[in-house]
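Colleague: Sequence:
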Amino acid sequence: MNAKKLSLGTFFCLYIAQMVPSSFLMTALQVIMREGNYSLATIGLLNLVRLPWTLKFLWSPFVDRHCITVGDYKRTIIATELIYAIALLATGLLNIHSEMMLIIILVIISMLASATQDIATDALAILSFKKTDRSMLNSMQSMGAFGGAVIGSGILLIALKSYGWSTVVTCLAAFVLMMIVPLVLNKHITIETEKPTNRATWTDIFKFFNRKEILPQLGFLVLYYMGIIGILSMIRPYLVDKGYDMKEIGFLMGIVGTSVSFVMAWFSGVLIRRIGIHKARIIVAAMIILAPTYFLATTFMEYNKVTFLIGLMYLQGCYGLATVVLYTTSMQCVRPGREGTDFTIQIVISHLTGLLVAVLAGSIAHLTGYRGLYIAETAVAILSFFYVLLAFKRNHAS
Numbered sequence: 001m002n003a004k005k006l007s008l009g010t011f012f013c014l015y016i017a018q019m020v021p022s023s024f025l026m027t028a029l030q031v032i033m034r035e036g037n038y039s040l041a042t043i044g045l046l047n048l049v050r051l052p053w054t055l056k057f058l059w060s061p062f063v064d065r066h067c068i069t070v071g072d073y074k075r076t077i078i079a080t081e082l083i084y085a086i087a088l089l090a091t092g093l094l095n096i097h098s099e100m101m102l103i104i105i106l107v108i109i110s111m112l113a114s115a116t117q118d119i120a121t122d123a124l125a126i127l128s129f130k131k132t133d134r135s136m137l138n139s140m141q142s143m144g145a146f147g148g149a150v151i152g153s154g155i156l157l158i159a160l161k162s163y164g165w166s167t168v169v170t171c172l173a174a175f176v177l178m179m180i181v182p183l184v185l186n187k188h189i190t191i192e193t194e195k196p197t198n199r200a201t202w203t204d205i206f207k208f209f210n211r212k213e214i215l216p217q218l219g220f221l222v223l224y225y226m227g228i229i230g231i232l233s234m235i236r237p238y239l240v241d242k243g244y245d246m247k248e249i250g251f252l253m254g255i256v257g258t259s260v261s262f263v264m265a266w267f268s269g270v271l272i273r274r275i276g277i278h279k280a281r282i283i284v285a286a287m288i289i290l291a292p293t294y295f296l297a298t299t300f301m302e303y304n305k306v307t308f309l310i311g312l313m314y315l316q317g318c319y320g321l322a323t324v325v326l327y328t329t330s331m332q333c334v335r336p337g338r339e340g341t342d343f344t345i346q347i348v349i350s351h352l353t354g355l356l357v358a359v360l361a362g363s364i365a366h367l368t369g370y371r372g373l374y375i376a377e378t379a380v381a382i383l384s385f386f387y388v389l390l391a392f393k394r395n396h397a398s
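In this text, residue positions in the sequence shown follow full-length UniProt numbering: the first is 1, and each later residue adds one.
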């Protein structure tokens, strides 16, 4: 195995280590709390444990400032992974029914450690791979996220029923520790470009937005997912309306749909590497238009399971493709010495936009029905496509 493949595998392990525990904890806690007769309002507050991932841009400059060498990055990643694993282990030792508040506090600590690990991992990934190889790197990142979701919210949720909270969460802590072994053993990771002597500061968060060349990218971050994210957020309620139970929805969305995203994330990296990010961005933007258009067409015919499944798989495939495209373009827009900060800011922008679209999608579907939602999503997807054509017309390398 050559050094490049070894490093890609190393980063895949780090990314999947973030996602398996977090996806399991969020899904399992929601189920357990509902079974324990917690109110829906209280269960809704559980989403606050994700705040560290939303706010991580606030301390990303300090990670950039502290980490200069590969050794610095490795120590930061290993230290945060150890905290992550210890918090998970402590969570597994508690009684899930009588010590819920303490468990939630520990989950927040684990999310904080995981978010910090992500900043350092992203920065090291950007520095250790050439631009031509970053598409495959981002495939590893996206595949880690999608694969982690399949395992965490699908397979481990089934294991929870058979083996119990303590056993599964303790195994998760061991899993997190195992995933840093490749990083410890990998001696081939090197920084391709020398970092500048001036260190990152907190004000670099604001300076990121001062660059004229970043303006097209900001619009791209906001618009690119918009044509599919609203539909994705409303698929589960739609399936409930069609009579599917929780187990069936979990299988369709958590295993079938996410597995398609996993495969297409790999394909997206290959596509970008072969035809370049400019063409790939346009092709995927065009493909996204077909997703809401397809669902809009289904509203004029009687519901059919096979027709829906085709639409779901295509939708999730577009999501996998678009994720790698967005991550790859984001890596191209980072400043030397501010890699973690700049990449984190861009990903947070796309996530916050996705959250806003998901909220609006619910309101649109409530007021106009699913057909109204699909019309709105189709219009946004078309807008996104023309934005990509026009905003990046002059610079094909961007």
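Careful: at least some of the hints might be erroneous.
[As the list claims (entries may be wrong)] Each computed DSS-like pair below joins lysine-lysine, with the alpha-carbon atoms no more than 30 Å apart:
#1 Lys161 <-> Lys242
#2 Lys242 <-> Lys5
#3 Lys393 <-> Lys212
#4 Lys212 <-> Lys130
#5 Lys207 <-> Lys393
#6 Lys212 <-> Lys279
#7 Lys74 <-> Lys130
#8 Lys247 <-> Lys131
#9 Lys305 <-> Lys247
#10 Lys4 <-> Lys130
#11 Lys5 <-> Lys212
#12 Lys131 <-> Lys74
#13 Lys5 <-> Lys130
#14 Lys242 <-> Lys130
[As the list claims (entries may be wrong)] What follows is a list of derived Cβ distance ranges for each label pair:
#15 Leu390 <-> Pro237: 31 to 37 Å
#16 Pro237 <-> Thr293: 40 to 46 Å
#17 Cys171 <-> Gln30: 18 to 24 Å
#18 Ala379 <-> Leu215: 20 to 26 Å
Hints in this document: simulated from the structure, not taken from any laboratory.
We put the beta carbon where it would ideally sit given N, CA and C, even for glycine.
Colleague: Are the hints correct? Go through all of them and say.
Modeller: Taking the hints in turn, this is what the structure says about them:
1. Distance hint between lysine 161 and lysine 242 is fulfilled; the C-alpha atoms sit about 26 Å from each other, no more than 30 Å.
2. Among the hinted pairs, lysine 242 with lysine 5 is inconsistent with the structure: their alpha-carbon atoms are about 45 Å apart, more than 30 Å.
3. For a cut-off of 30 Å, the pair hint linking lysine 393 to lysine 212 stands: about 16 Å separates their Cα positions.
4. Simply put, lysine 212 and lysine 130 have alpha-carbon atoms about 24 Å apart, close enough for the 30 Å limit, and the pair holds.
5. For a cut-off of 30 Å, the pair hint linking lysine 207 to lysine 393 stands: about 25 Å separates their Cα positions.
6. Note on lysine 212 and lysine 279: the hinted pairing holds, with a Cα-Cα distance of about 23 Å set against a maximum of 30 Å.
7. The suggested pairing of lysine 74 with lysine 130 holds, with an alpha-carbon distance near 19 Å, which does not exceed 30 Å.
8. The straight-line distance between the Cα atoms of lysine 247 and lysine 131 is roughly 42 Å, outside the 30 Å bound, and the hint therefore fails.
9. Between lysine 305 and lysine 247 the alpha-carbon distance is near 16 Å, which keeps this suggested pair within the 30 Å criterion.
10. A hinted pair counts as satisfied when its Cα atoms are at most 30 Å apart, and lysine 4 with lysine 130 qualifies at roughly 10 Å.
11. For the proposed pair lysine 5 and lysine 212, the alpha carbon gap of about 36 Å is over 30 Å, so the pair is violated.
12. With a C-alpha separation of about 21 Å, the suggested pairing of lysine 131 with lysine 74 holds against the 30 Å cut-off.
13. Only pairs whose Cα atoms come within 30 Å are accepted, and lysine 5 paired with lysine 130 is accepted, the gap being roughly 13 Å.
14. For the given pair, lysine 242 sits about 48 Å from lysine 130 by alpha-carbon distance, which is inconsistent with the 30 Å threshold.
15. A C-beta distance of roughly 35 Å is found between leucine 390 and proline 237, which places it inside the suggested range of 31 to 37 Å.
16. In this structure, proline 237 and threonine 293 break the distance hint of 40 to 46 Å, their C-beta atoms being roughly 21 Å apart.
17. The given range of 18 to 24 Å is respected by cysteine 171 and glutamine 30, whose C-beta atoms sit roughly 20 Å from each other.
18. At roughly 23 Å, the beta-carbon separation of alanine 379 and leucine 215 lies within the given 20 to 26 Å, and the hint holds.
The structure fails to meet hints 2, 8, 11, 14, 16 from the earlier list, while all remaining hints are met.
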